[in-house]
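**Q** What follows is each chain in one-letter form.
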Amino acid sequence: MRDQERGRRRGQGELEAQVLAALREASEPASAAWVQEKLGGALAYTTVITILTRLLAKGAVTREKVGRSFVWTAAADEAGLAALRMRRVLDKESDREAVLASFVTGLSQQDEEMLRELLTRTREAEE
Amino acid sequence: MGVFVFLPLVLPLTAWPIARLAEQHLHPRAAIWLLSAVAGVFAVCSTLCLGLLMVVGTAQLPGNPLPDGWSDPEVREAVPYDEVAGKAAIPALFAVLAACTRLVWRHQRVRRRAERALAGLPATPVAVLPDEVPYAYALPGRRDRVVVSTGMLAGLDSAERRALFAHERTHLARRHHRFLLTVQLAAWANPFLRPLRTAVTYTAERWADEEAAQAVGSRRTVARAIGKSALMSRGAPVATLAGFAATGPVPRRVAALLRPAPAGRIWPPAFTTVGLAAWGAAVGTTASALSSANSAVTLFLILHAATPM
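So the protein sequences, as listed, match chains A and B.
Residue 6 in our numbering sits at position 6 of the first sequence, and the numbers go up by one each step.
Residue 1014 in our numbering sits at position 14 of the second sequence, and the numbers go up by one each step.
All the given hints hold, so there is nothing to weed out.
Covered stretches of chain A, as calculated for chain B (at least 3 residues, CB under 8 angstroms):
id, segment
1, 13 to 25
2, 80 to 87
3, 111 to 117
Away from chain B, derived, C-beta distances all over 12 angstroms, residues of chain A:
id, residue
4, A33
5, T50
6, T53
7, L56
8, A57
9, F70
Covered stretches of chain B (chain A as the covering partner; in silico rule of three or more C-beta atoms under 8 angstroms from a C-beta of chain A):
id, segment
10, 1112 to 1120
11, 1125 to 1137
12, 1223 to 1231
13, 1248 to 1261
To be clear, the hints were calculated from the coordinates, so they are not data collected in a lab.
We put the CB at the ideal spot given by N, CA and C, even for glycine.
Full structure from sequences and hints, please.
**A** Structure follows, in structure tokens:
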């Protein structure tokens, strides 16, 4: 059950990337039906709409109303989408230091001054 | 037995001197192993002690499922102030277990979410994400990855970038997240172990810095890379009371890199001030870990003897 759930969630990340990739191949704003067809009809129409809406919330696509339905345009590439998703993870996790070893941590005012001084000394030593 | 049964709860205090000495004077690789092991032993003894105190405290409560023998007067005699201590141990133990479960759960969640965020990208060891905010992370997982933003790379020259990647790869190759998780769990199990968590976190960075310096062949380059990225990503200054603020980890790392490389030896020679202090601290910590384990085991044996066969 847990594995299924996890598989499904990871699947969502990949589906978002697939839908975005399909949309990026469109030469002009495309409808959800076009995206569905482009993906070989493997996804239900409602699923495509759901994924597009999620991408919209992340800022990876834009949409405009044409007639009675929406047409969609890609606003980011796959790396851009990953960046948007990564930022959400980092912003949400206040204690991400618990997990991800970050290259640098916060500086106090005093640290900053000391650091600038150290860097200046490095530069002088090299010259 | 007397008040000795409470020793495992307070003896972690005795690990503070060794934490400080190891952080400053041992090679980071030796220091991280030593401090993580010390933290782990103290945390296990402290939690075991809490658990046994809880058993003594609850065995006398009517209607509990524990063996009657555990509420015998001989058992209760072993624990001074058994009623108060036992009852206080119940919430304490639950708090420890809850905090540790929560920590592990969050740990898994961040890893899962970060992995999911990168789904759809080619499976490369380095993921460069277009983002102005400078950041760089080592992301352990089924496929270890270094995640770095274009904002971070933009501020560094090519040698500094190599230093950054070498640093993050060391975190992954040496499985630093396991040490960090161990000491974080230990810090939740007994708050007196928090200085060890700080020391191990710093030491993991130092270790990665040293390996990066070897990889790129220049200590100054690594120092510059750290300094520049810290100034880039400083954002809001960390709130500290200026007068009391100790020097933060980043300037200390840079300063350490501007000094010669630490000696490869594991332990400082005995007949120097540092060596004597290190030996003193090590002997003290070992004695304290042993008596901590001794108290936990004794309490366990008392309960075991009182268990009806």
